[in-house]
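Trainee: Just so we're aligned: the sequence shown equals residues 1 to 374 in this note's numbering.
Errors might be hidden in some of the hints.
[Stated by the list, open to error] The list that follows gives simulated cross-link-like pairs (lysine to any residue, SDA-like), each with its CA atoms no further than 25 Å apart:
1. K54 <-> T93
2. K204 <-> D179
3. K112 <-> K48
4. K112 <-> R81
5. K48 <-> T67
6. K165 <-> A84
7. K131 <-> L120
8. K165 <-> N292
9. K216 <-> R134
10. K204 <-> S232
11. K91 <-> K112
12. K48 <-> R68
13. K87 <-> R116
14. K165 <-> T212
15. K177 <-> F153
16. K204 <-> K346
[Unchecked claim] Estimated spans, in silico, between C-beta atoms of each pair:
17. N135 <-> D314: 36 to 46 Å
18. H33 <-> N155: 15 to 25 Å
19. N155 <-> N135: 43 to 53 Å
20. C359 <-> K165: 27 to 37 Å
In case anyone wonders, no lab produced these hints; they're calculated from the structure.
A quick note: this is a predicted structure, and the numbers were derived from the prediction, not measured.
Note that the Cβ used here is the ideal one computed from N, Cα and C, for glycine as well.
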Amino acid sequence: YEIDGEFMISACDALERLLSGDDEEECVNAVKHGLAEKILSVRDIHIKDELVIKSVFGALAQLSNNTRNTDKLVEIGVPERVLATMKIFRKSTIIQILGLRVFRYLARGNGKYHSRFLKLGIAKKTISLMKLHRNDFSLQREACGTILCLTPFSNTNRLSFISLKAPEMISMALQAKDDDEKLTIQGLGALSNLSFIEAHMRPKSEFMRYKTGLMKICAPIIVTSSDMFPNSIPVHIFICSLLRNLTYESSENQEFVMKTFMDRILQLLEARADTDSIAQRICSIFANLSVNESLRDGLIEIQVIDKLVQAMDDHPYCEATQTNACEAFKYLSASSSLIASLISAKVDEKIFEALELHCISATFQHEAYAVILN
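Generate coordinates for the entire structure from the input sequences, incorporating the hints supplied.
Mentor: Dropping the structure here:
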């Protein structure tokens, strides 16, 4: 029935529904038995039929939504065929959305194929779609998700999206639809990744301009998102990641965050005291701010030492929280005038307790012994 378009639509739609359940093995076995190749064959036969292609993309997206299938799907050319089809149906919004979804799913995992996808042109395609469909928030959601999944590991990939003005496009989408939680999560996550640029990748002056410029783009989004979704842990995790990255090695951003966002950070730390992923990021923000000598007195005024100690108490088994708290103590203890306050808060005792729990973590020990040395 390969040449029967209506039959192929029904078959692909049925496969999409069948594979959308919780049975992971069924999805993996489907690919092992050649289902993906068969679906690509249907794509080739009905390449001019938008309805068939829509169903084909739906089925491919479902197969891609399992990282165990990624190697095989990339091997048989799914990314190339999907992108080529998106170009053929450039006026079909649903084809573009489903095509981005396939790439978003294939990009999850360890980043093995990210460079390959960017060489195909998916970065340019994603941004051009965001520009072309500014008011289609389903597409904006998929585009932000695609950027999020393609940028967690590689500075080169991040710089590719940055050169295409991805932060500006994400900002426009989030501000245009600020009540869409899924869009907000995907957009903040993508911005968080794009804010993590190592200084050596660019001249220092250019690096600093980018950091301060991105803070101006992100600041209103941070305020709106935290107000709009006060109970969303993913939103607050990405906000904390964004602030952590933006305050790294940027004194201007450090001062801005201290002045503008500290009340929100403290409220969040209190409200989410039991959430490891938030505590560790806030401790990292405190560490970044503590680097700045001019901010240390202000940090002491808000009782940052007690808050760091409390975070270590609340999350004794979270290595990242312990490490980031010690990094903050390392910078604070560089000021001899603060040593007495640190000892009074029993920071040394807290560190020795943590050393017993995290005795095999070289990263933690590096930060912990630096504090002790000071």
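Trainee: All hints, please: hold or fail.
Mentor: Here is how each hint holds up against the structure:
1. A threshold of 25 Å between alpha carbons decides the hint, and for K54 with T93 the separation of about 10 Å falls inside it, so the pair holds.
2. Between K204 and D179 the CA atoms are separated by roughly 37 Å; this puts the pair beyond 25 Å, and the hint is violated.
3. For a cut-off of 25 Å, the pair hint linking K112 to K48 is broken: about 32 Å separates their Cα positions.
4. A distance of roughly 19 Å separates the Cα atoms of K112 and R81; the hinted pair therefore holds under the 25 Å criterion.
5. For a cut-off of 25 Å, the pair hint linking K48 to T67 is broken: about 30 Å separates their Cα positions.
6. Distance restraint check for K165 and A84: the Cα-Cα separation of roughly 24 Å lies within the 25 Å cut-off, and the hinted pair is therefore satisfied.
7. Restraint check for K131 and L120: the C-alpha separation of about 19 Å stays at or below 25 Å, so the hint holds.
8. Restraint check for K165 and N292: the C-alpha separation of about 30 Å exceeds 25 Å, so the hint is violated.
9. Straight-line distance between C-alpha atoms of K216 and R134 comes to about 21 Å, which keeps the hinted pair within the 25 Å bound.
10. This hinted pair does not check out: K204 and S232 have alpha carbons roughly 36 Å apart, beyond 25 Å.
11. Proposed proximity of K91 and K112 is contradicted: the alpha carbons are some 31 Å apart, above 25 Å.
12. A distance of roughly 31 Å separates the Cα atoms of K48 and R68; the hinted pair therefore is violated under the 25 Å criterion.
13. For the hint linking K87 to R116, the alpha-carbon distance of about 18 Å falls within 25 Å, and the restraint holds.
14. About 15 Å separates the Cα atoms of K165 and T212, which keeps this hinted pair within 25 Å; it holds.
15. Only pairs whose Cα atoms come within 25 Å are accepted, and K177 paired with F153 is rejected, the gap being roughly 28 Å.
16. A distance of roughly 38 Å separates the Cα atoms of K204 and K346; the hinted pair therefore is violated under the 25 Å criterion.
17. In this structure the supplied range 36 to 46 Å holds for N135 paired with D314, their Cβ-Cβ distance being about 44 Å.
18. Between H33 and N155, the C-beta spacing of about 39 Å breaks the proposed range 15 to 25 Å.
19. For the hinted restraint 43 to 53 Å between N155 and N135, the CB-CB distance of approximately 32 Å leaves it violated.
20. Taking the beta carbon of each, C359 and K165 are about 47 Å apart, not inside 27 to 37 Å as hinted.
Checked against the numbered hints listed earlier, the structure breaks hints 2, 3, 5, 8, 10, 11, 12, 15, 16, 18, 19, 20; every other hint is satisfied.
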